[in-house]
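Peer 1: We have chain R already, so just place chain H on it with the hints.
2 protein chains.
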Amino acid sequence: MADALQRLVSLLQQLPSIGEKTATRLVFHVLASPPEYGLALSAAVKDVIERVRPCEICGNLSEPSPCSICSDQRRDASILCVVEKVQDLLAIEKSHEYHGLYHVLRGVLNPLDGAGPDQIRVEDLLKRLPGQVKEVIVATSSSVEGEATALYLKKRIEPMDIRVSRIASGIPVGGELEYVDRGTLGRALSGRREMS
Amino acid sequence: MADALQRLVSLLQQLPSIGEKTATRLVFHVLASPPEYGLALSAAVKDVIERVRPCEICGNLSEPSPCSICSDQRRDASILCVVEKVQDLLAIEKSHEYHGLYHVLRGVLNPLDGAGPDQIRVEDLLKRLPGQVKEVIVATSSSVEGEATALYLKKRIEPMDIRVSRIASGIPVGGELEYVDRGTLGRALSGRREMS
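Chains as they are written, first to last, in this note's numbering: chain R, 307 to 502; chain H, 307 to 502.
Chain R extracted, bound-state conformation:
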């Protein structure tokens, strides 16, 4: 195989879930496409590396900083949703159910891995709260680390007289009960709500 091909295949193989066969298939697809496509792809990868930076306020990845969410005057600045990572922010944005602001922690508390409050963006969060914020929604995942992080944040934020809520855990919409794991079912039952 030509050196340039081999190099691209090797680099692609470093991406998650891409093995040698998939990498080779992708490279041949790029070669079979009009050259404009490959050149645009090359430029787009470079752009992302060179231009995209974390927003200085919320930590969202963005070209301008503050990001388009932080600088959007129509969003409700009295609610702040705390997420572990930018991907979670994007997932919530796609639901179109939330119109407040965000704070990306960039991690969770994980004492075993040595990730304490100083390793994630907790102090930045606490500094943002006084003033406008009336509610903090903790939307960390419902893993052990996510729950521990949520509890820690609650303890730190409540003395500031700000409401702290937790995103709901339960059965997925459209999901079959039969296939839902025990832990999720337990949560769904204990978190049951009266029907109105």
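Hints are computed from structural coordinates only; laboratory data are not their basis. Check the hints yourself; a few may be wrong.
Identical copies carry no separate label here, and so any pair may be met within one copy or between two of them.
[What the hints assert, rightly or not] For lysine to any residue, the following SDA-like pairs were computed, each having C-alpha atoms within a straight-line distance of at most 25 Å: (1) 327 <-> 382; (2) 327 <-> 419; (3) 461 <-> 363; (4) 400 <-> 317; (5) 460 <-> 309; (6) 327 <-> 399; (7) 391 <-> 312; (8) 460 <-> 343.
Peer 2: Leaving out everything else, chain H in the frame of chain R:
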């Protein structure tokens, strides 16, 4: 999502078997990696587009032309293996079972799609044969089109007093007979060989 991110996700989605979720995951992986990785990836895509060309002799994709296979004096120039596409050539090379030269047809005969002998590299092949070549191995796939192409090549090459052979069809090595399709089993049986 930042414009540059969105653009890269859209471009990646044009690749086979990559949907929006996978594309997003790949982009975040690139962003989480050292910037050198992303810049190397960008450069490698550009290099492939700008430097890799079909070999003027066999049609293999290569930086130098003639390619490293055609210019390797240790290879047996008396055997020529005809394949449909470069990927097939790479697969045969990986088997380390073949030491002759290649000819990439870049397609197969497919009258329904309007692909006749002029659409694939048949004339280039016939021009290469007189002189050194003593055997042509037709390694097109065992689809209807691949078989039709093999028969056509046999008809054109045999009058030149050159042996034409066909790559064997049968059960895959390590494959369970139980799961082999009927067509392949039929071929495997009719192509049986006496045990030595």
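Peer 1: Hints first: check each against the structure and report whether it holds.
Peer 2: Status of the hints after comparison with the structure:
Within a single copy, residue 327 and residue 382 get their C-alpha atoms no closer than 48 Å, and across copies no closer than 28 Å, so neither meets the 25 Å cut-off. In the homo-oligomer, the alpha carbons of residue 327 and residue 419 never lie at most 25 Å apart, since the shortest distance is 34 Å inside one protomer and 28 Å across protomers. Taking identical chains as interchangeable, the C-alpha atoms of residue 461 and residue 363 lie at most 25 Å apart only when both belong to the same chain, with a minimum of 22 Å there against 73 Å between chains. Within a single copy, residue 400 and residue 317 get their C-alpha atoms only as close as 31 Å, which misses the 25 Å cut-off; across copies the closest is 20 Å, which meets it.
For a Cα distance limit of 25 Å, the shortest separation of residue 460 from residue 309 qualifies neither inside one copy, at 55 Å, nor across copies, at 34 Å. In the homo-oligomer, the alpha carbons of residue 327 and residue 399 lie at most 25 Å apart only across protomers (14 Å), although the nearest pairing inside one protomer, at 34 Å, exceeds that limit. For a Cα distance limit of 25 Å, the shortest separation of residue 391 from residue 312 across copies, 17 Å, qualifies, whereas the shortest one inside one copy, 33 Å, does not. Taking the closest pair of Cα atoms, residue 460 and residue 343 never come within 25 Å of each other, the shortest separation being 48 Å inside a single copy and 38 Å across copies.
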